[in-house]
Structure formats: structure tokens, C-alpha cells
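Student: The residues making up each chain are set out below.
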Amino acid sequence: MSESKRTIELTIDGRKTSVPEGSTLLQACQGLAIDVPTFCWAENLTPVNVCRICVVELEGARTLVPACSRKAEAGMVVQTESERVKLSRKLVLELLGSSVDMSLASEFQALATKYDAHPERFGPRAPRAAPGEREAARAGHHYAEDGEHAANVAQPKKVDNELFVRDYAKCMLCYKCVEACGTDAQNTFAIAVAGRGFDARIATELEAPLPDSACVFCGNCVGVCPTGALMFKAESDVREKGEWDESRQTVTDTICPYCGVGCQLTLRVQANQILRVTSPADHSVTSGHLCIKGRFGWGFVQGKKP
Amino acid sequence: MDLEHLSQAPTDAETRAIDALLGPAAPDSHGAPVVHGPTPREARARRTFLLPALIALQERVGWISPGGLGYVCRRLGVPPAEAWGVATFYALLAVEERPAAFAHVCDDVACASRGAEELCSAMEARLGPCASSAHRAEPHAPRAGHAARWAKSPCLGLCDQAPAALVTVAGERPVEQAFGGATLARVEEALAGKRVAPASFALASLGPRRLLARAGDAKATTLDGYAALGGYRALERAFELGPEGVRKEVNASKLVGRGGAAFPTGRKWDAVARHVGKQRHVVCNADESEPGTFKDRVLLEQDPFAVLEAMTIAGFATGATKGWIYLRGEYPLAAERLASAITAARAAGKLGARIGGRDVAFDVALRRGAGAYICGEETALLASIEGFRGEPRTKPPFPVDVGLFGEPTAINNVETLVAALDVVRDGAASYASVGTAGSPGTKLFCLSGRVARPGVYEVPFGTPLSALVEFAGGVPGGKAITGVLLGGVAGTFVGPKRLDLALSFEAARAAGTTLGSGVVFVMDDSIELLPMLRRIAAFFRDESCGQCVPCRVGTVRQEELLARLARGAARGGLDVEKQLLAELGQAMRDASICGLGQTASSAIESAFVEFDSLGPLGRKRS
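If you read the protein sequences in the order shown, they are chains D and X.
For reference, each letter of the first sequence is one residue, going 1 to 306 in the numbering used here.
For reference, each letter of the second sequence is one residue, going 307 to 928 in the numbering used here.
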């Protein structure tokens, strides 16, 4: 199918380039080694273009366009670092930084510096929500605050199983976990976005604990989470103890021994303990996704009783 | 699909309500879908019943219980987490048990200018706190929502009869009433299940009466009466012209969409017609939810057959055989009238497989919303019909190519469709006999606020704004107009110096404003600007779908900013706040996915330009 694809010519930042028909502007930029930041985009998921950090300026378009999903068209003239682009990226960073704990999102600090983002100008952060408070918010209603504090999604961690924790104070609502749980990988549909607007959140039905939901604990949501909101319990425990130390960690590629499929695993190990298991997103067998055994079934390595 | 279902059982009432909609479950299926191993097409065909099923539960028992939700999921093959995501998306669906009788009291800008605050105070004194007000104030206390019997509501589209309320009484025979002239006594009457007399309202035209030709005449609500008033002559003419001829006429008329975006209707129909051989759809966008807008409600209630006839013409012109009306949930009378009009039109062969005995097929399904402004955005509307959360989709592709169920779809506003009737029946030349060169024909405007005779007014394009307000009686008591909110909360303010603005698309564009959905909210010095701006900001915060960062968080930051200004507590000085607002507005305009975020700061920013100081319309609170 791809052999017969036509080539599209367009101009990005004053440079002419050609890409196969169907390519996105992001792919076209990557071909020119132009750096376009992304949060909600991932190579192994369908683009949802919700974070809007990847917006670029397209000549003739009323608004900026998301590079991650906008298809290249012949004759497009695109600017990736115009003043409008920079302002929108700065604001997206400030809006995220003031409402979500982005401390573990890779690149966030570097981008905030690059785009001169100052999340603190929206004021001091509002206090953390009580357990269940964000889940109790209802569409179309909110308690009117006085504007002194910046509303945010700070809330207690959800720890309801031994495999991974959900720290939604770090959730930027990128939809990646929902996609991985749904048609992009697992087809389990245990989680979805619930609520509306600023009160939108990732939820199981009736906000049930994961063990009571349809979750099969494949951990593919953890694998795609860009902010550390979803994290291996092992990693979370080590971080909470303040013992997380990347200089003492090794990263080892191996093949999962459980079945004959041959999934590649990447093990992150500290002090002889497996803290995180991933698979490369471009791996031909896994596309980055694993099952519960390959992802979490390593108790025997640690000599733990099941 | 690997579905795990909720274990709670539905009550008999819930089962019956769902079975009445979907048909009985197959024996021994434990409520599982009748079709097993659905193909994507079958799954899709069932999923579109998700919102109707949730509404059926809401109407029957007053909330979406876990047992009811589980039963709907089993019947439709929808994952419970996704159904929960849909149920919690809509403001009119309750996911906590509450009394069967519930009142939604409008406190939006138009009602606020006509006594909503007093009504809400009276409601609170009699029925206890509003369902939404306890949250956050006492985060550790149980939410008042469980026992509350009323909540504040965004605009109910009854601004001509403000203050307004929507009262729903769930049960075997649910009663839903939206009414103006709301008082505590009238709301209590409705909560008791009694019929409340409608309030009076104005319908008038300055020039030829076209869009409102039949509105106000009770005959128009029956098929025979509609025909006697000249109904279905446009359809006959369409058959004479042929599909191409109809599109030619519509193109020649320069008719553009009346929902707010002003896209050329003929071009839209041409684009859909091009997809020969594919299933095509016509969707009537009747999700009128822009605060201050009620013109579509008047057309739907007063002239339902005109909407059906126009949709049939659109279907004929585009090659679509399926029509959908997406009606906002807050319009129960329109729902009733449309449903009976559809039944009557089918019985008379005006809808169905062979319309008027010809080889033309077209039928219409009525779908109701459940309290979500965003579903008026065309792609969100499609998602809502399909049974998903009303989250807008990225464009391109546009609905004319990839629309409902991925198929080519023409989405038109109610008023646009009714205007097309005149274009087709009388021809483009006749249509253009009034109006301006750039904006031929007439337009409906919704006058509300501090005006003597609020109502729907039909005027030729080009009429000065001041003349329209004058025609509606001006400000009561002969007071001076201090400004107008034009085009809705997604429109702009027009200050006292610019009231001679001609009401046409080209003049509005040149003046940096928009006719939007036809809102003309009239202000005098009794209206305080900052609280009004804050209400607008709160509206956008509530109605953002939450999908994209600029809108989801930007609307919150905008409201926080307005809250500070309304308290006279600007942070770092007014200029710093204005700079912040300008940057927020720019980012929301440039980087939001859809029109909601793109226009969320439009009116608010314009207020700072149009009015000399923060408090020209009242006191600056400090």
C-alpha cells in the first residue's frame, strides 16, 4: 500500500521538504531534525492532540495547528517557532505547571526554561483535594473560589493493588493510558475519562478500585504515562523512601522467558531490585506493550514468595 | 472486547425503562446483547443508543444507578468505564441518588438581569442549598447533592421570559417543564408535578416575516395546518429543481450558517453531495445553548414541520437518506412537538422510503442532549450522537467528508434550515430582495436583558443595532443603553459609542465583532459589568469538555482572574492582570481544539476595550 504513496512538498521554517502522503507535520519536522515538543503524542498510540504543546503556525490557518496529527498537504508553509507558537507553548507549559505536578515529566523543566514559562504567576497553589473530592465534582457545577489560589489537581495517591500506583496529582490528562487500555493496545476498556472540564479525570466505572474493575494489570497504561502519574509500586516505594538514585541503577535489555512470543524487556534495576519493566515502543513484537507476566511477574527473581 | 460488567442488578422499573427503548432482552441472555460477537458496524449501531438509554433511566428513576448503568452496558455492549465517562459528562444526568423532582434554576446573564438572584435566594430559603454549592466549602462533609432538590443552571434558552427554570419529575410518566416567569411558587407547583402555565413572549418582525411566517400560529404545529399555511411547497419546488438545482439556488442565495460560524450552506451541501455512493447524513443542530439564544427554540416549538421539510430538502439536495435532530435536553416542549411532527410526517408519507410517492427516501431520528453546551460544536455533537463523550474532534477532516459514524454529513443550524425553505421555494433572487449585498435576507435576533419587550425579532440584514433595540421598546423606563452583548458569550460587547452598528455579517466583521447566534443582550446601568464577566467566565469553565490544556485550564485561570477583579483584588495591579488575560486569551484562541476555547475570552476581552473603565455599568467593587 505504501509503495504507491505520492510525495508531498511543503516548506517548514523556510526549508523545503518532501514527505510521503499521509505524513504528519511532526513527521515532516522530524525529517528536517526540527525539534517539536510533545507530551500526549507517542509513536505507538493514535494521536489525540490534546496537550497542544506541539502547535505550529500554518500560513493561512486561523488558529495554530497540532503538528502531531495534522497531515502534511502540498504547498503548506509552516513556522515552528513563530511568536504565536512560542506564546501558546509558554501558556500551555504554565497552565500545566500550575495545575499538575509535572516534576517527573521528561523535558518539562527544559521546555519551561526555553519558553520562559512561569507557572507561579497564576498565584499560590490551592490546597490538595481531600480523598474523593475530585471524584465528587459534577459536570456543569463548581464551587466558585475567590481567585487567590491557582486551582490544581493535587490529591492523594490511589494505592489499591501491589503492582502499580495512581498518583493523579501528576495526571495531565494526555489520554495515553485510556488509549493503551482501549483499542490502541489492550482492548480492555477498564478506564476512561470521566467528568468534564477541569474536573475531568481518568476513572474506572463508579471510580471503583482497580482490582474491582475490568483492569487486567497489563501495565500498558504505566508504560505510556509521560508524567509518572502511573508508576510501578516498586519504583514508587523506593521514591517515597527517598532512595531513588539513577546513578546506582542499571538498564538491561532481555527477552521475556514466559511464553514463545519473544517480547523484548528493558529492566531498570537498583540495589538488585527490579523497579520498572518496559519494552521499546518501536519493538516489532510488542510495540512497547506487554502482559501482566512480562510487566510485573518478577517476584521470583527477587526471591519473594508469591 | 474484554468486558467486565457491573454486578449490581437493575430494579424492575429500570429494566422496563431500558427495554421500552431497546426492546426486550433475549431470553436467558441475562440482559446480554442480542447480537453476539458484534461487527464494528453492529457495535456502532448499538452504541448510539447509549445516551438515549441513560436519559431513559434519568427520566424513570431520577438518576443513573449502578444497577441501571450496568444493565445499559450489558444491553449495548458498552464497557462500563466508558459508559461512566459518558454519564458523568452531562449536567442533566445525576449519578447520585436524589429526589425524583428536581429544579434547575437559571442564573445566567439574561436571567441574572431579571431577578434570578432573588429567585435563587428564595429557593435556598425554602428548599435548602443548591446542589453544587456545598462542594469545596466543606470538603470533608457529605455533599449536599444527595438530598438537594435544585441546582443553578446555565442559560435555559428562555431569556425572553426570564427568570427561567427547568423542572423534571422522574417517574413512570415523567414530567419535564421549562418555563419562564419563574417564581418560587411556580417552581414548587412544577416540582409537585403540576402543569405550569407558559409565560408570554414577543415575536415580531421589522420587514418581511419569513422565518417567523408561521411562528405563533397554533395551526403550524399540525401537519394539515402547516400545509394550509403553505407548508411543503418548498419541497415540491425542490423536486422540480432536482438536487443540483436546489444546491445552485442555495449557493446563489449566499445563505450562510446561522449558528455562529457563518459558513456558506451551499458549499457545505455541495461537499456532501460529492460523496456519491456513500451513506450520507443531514444533522439539524438544535443544541442551541449559547447563553442569550432562544430563536431556534421558538422555531422548533412553533414551526416543527418547517424544520422537517427543510431537512428533507437538505437530504434530497445532498443525497442523504438519514436525518438527525440533536435537540438540547433543556427543551422539553420542542422535543414533544418534534416527536409528534415526525410521527405525523411519517404517517402522511412526508418522511420515509418514498416521500410524496417519489423515489426519494429520507427519515429523521430525534436525539436529545443532556446538558452540555459543547455538544453544539458540530464534531462534539456527532460524538454525542454516536454514544461517546461530547468531545470535539480535530478538523480536518471536516464532517462533510468524515462526519457521523465516519460518513459524509451536512450539519445545519435550525434557523439556517428554515431560511433555506424560503430560498428554495421563492428562489435566491426573491430571497435577496431584502438585506445587504453581502448578507441577503433576514435574520433572527434574540433580545433579552434590560429591554422593554424581550423576544425573537426578525429583521432584514443591515438593520442598525440601535433601531432593533428601539423596536423592542428600548430600555424600560426610558433609561440609556450602556452597552450590548452581541452574538452571545462567545461574541463581543458593543459599547455605547457603537450602537449604530449595522447588523450584517460584513459590517460585524469590519467592526471586529460577530452576529454569532443572534444574541442582543441589552444592558443599562443596573447591570454590574464585573460580576457579569465573572458569570461568563464561570460558564466557560463549566462547559469546557476538558480535553485540551488551553481550554481546560485556561478557562479556570480566566475565572480566577475575573474573581480577583470582581473583588477589587487585582494581583500586581490591573495592568498585570490585563496582560495575563490577553496572553490567556491569545493561547486559548490559537491553541484550543474547538470554537469553545477559541472564543472563551472573546466577550471578556472585548469588555476591557469597549468600556472606558471597569465600572461604566455599575460600581467597581472594592
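The set of hints was computed from the structure by calculation and includes no laboratory data.
Do not rely on the hints blindly, as some may be mistaken.
Quick list of in silico lysine to aspartate or glutamate cross-link-like pairs, DMTMM-like style, CA-CA up to 20 Å [as the list claims (entries may be wrong)]:
id, chain 1, residue 1, chain 2, residue 2
1, X, LYS884, D, GLU148
2, D, LYS71, D, GLU59
3, D, LYS86, D, GLU133
4, D, LYS158, D, ASP146
5, D, LYS86, X, GLU834
6, D, LYS71, X, ASP732
7, X, LYS701, D, GLU59
8, X, LYS525, X, GLU550
9, X, LYS884, D, GLU120
10, D, LYS90, X, GLU883
11, D, LYS90, D, GLU133
12, X, LYS884, D, ASP146
13, D, LYS293, D, GLU235
14, X, LYS785, X, ASP732
15, X, LYS701, D, GLU107
16, X, LYS701, D, GLU235
17, D, LYS86, D, ASP35
18, X, LYS560, X, GLU713
19, D, LYS114, D, GLU148
20, D, LYS90, X, GLU834
21, D, LYS86, D, GLU43
22, X, LYS554, X, ASP732
23, X, LYS628, X, GLU834
24, X, LYS701, D, ASP35
25, D, LYS90, D, GLU107
26, X, LYS884, D, ASP35
27, D, LYS158, D, GLU57
28, D, LYS114, X, GLU889
Student: Does each hint fit the structure? Answer for all of them.
Tutor: Outcome of the hint check:
no.	hint	in the structure
1	LYS884(X) / GLU148(D)	holds (16 Å)
2	LYS71(D) / GLU59(D)	holds (14 Å)
3	LYS86(D) / GLU133(D)	violated (35 Å)
4	LYS158(D) / ASP146(D)	violated (29 Å)
5	LYS86(D) / GLU834(X)	violated (36 Å)
6	LYS71(D) / ASP732(X)	violated (42 Å)
7	LYS701(X) / GLU59(D)	holds (16 Å)
8	LYS525(X) / GLU550(X)	violated (32 Å)
9	LYS884(X) / GLU120(D)	holds (17 Å)
10	LYS90(D) / GLU883(X)	holds (17 Å)
11	LYS90(D) / GLU133(D)	violated (30 Å)
12	LYS884(X) / ASP146(D)	holds (18 Å)
13	LYS293(D) / GLU235(D)	holds (17 Å)
14	LYS785(X) / ASP732(X)	violated (42 Å)
15	LYS701(X) / GLU107(D)	violated (28 Å)
16	LYS701(X) / GLU235(D)	violated (40 Å)
17	LYS86(D) / ASP35(D)	holds (13 Å)
18	LYS560(X) / GLU713(X)	violated (26 Å)
19	LYS114(D) / GLU148(D)	violated (28 Å)
20	LYS90(D) / GLU834(X)	violated (33 Å)
21	LYS86(D) / GLU43(D)	violated (24 Å)
22	LYS554(X) / ASP732(X)	holds (13 Å)
23	LYS628(X) / GLU834(X)	violated (47 Å)
24	LYS701(X) / ASP35(D)	violated (24 Å)
25	LYS90(D) / GLU107(D)	holds (14 Å)
26	LYS884(X) / ASP35(D)	violated (32 Å)
27	LYS158(D) / GLU57(D)	violated (40 Å)
28	LYS114(D) / GLU889(X)	holds (17 Å)
Hint check: violations occur at hints 3, 4, 5, 6, 8, 11, 14, 15, 16, 18, 19, 20, 21, 23, 24, 26 and 27; the rest are consistent with the structure.
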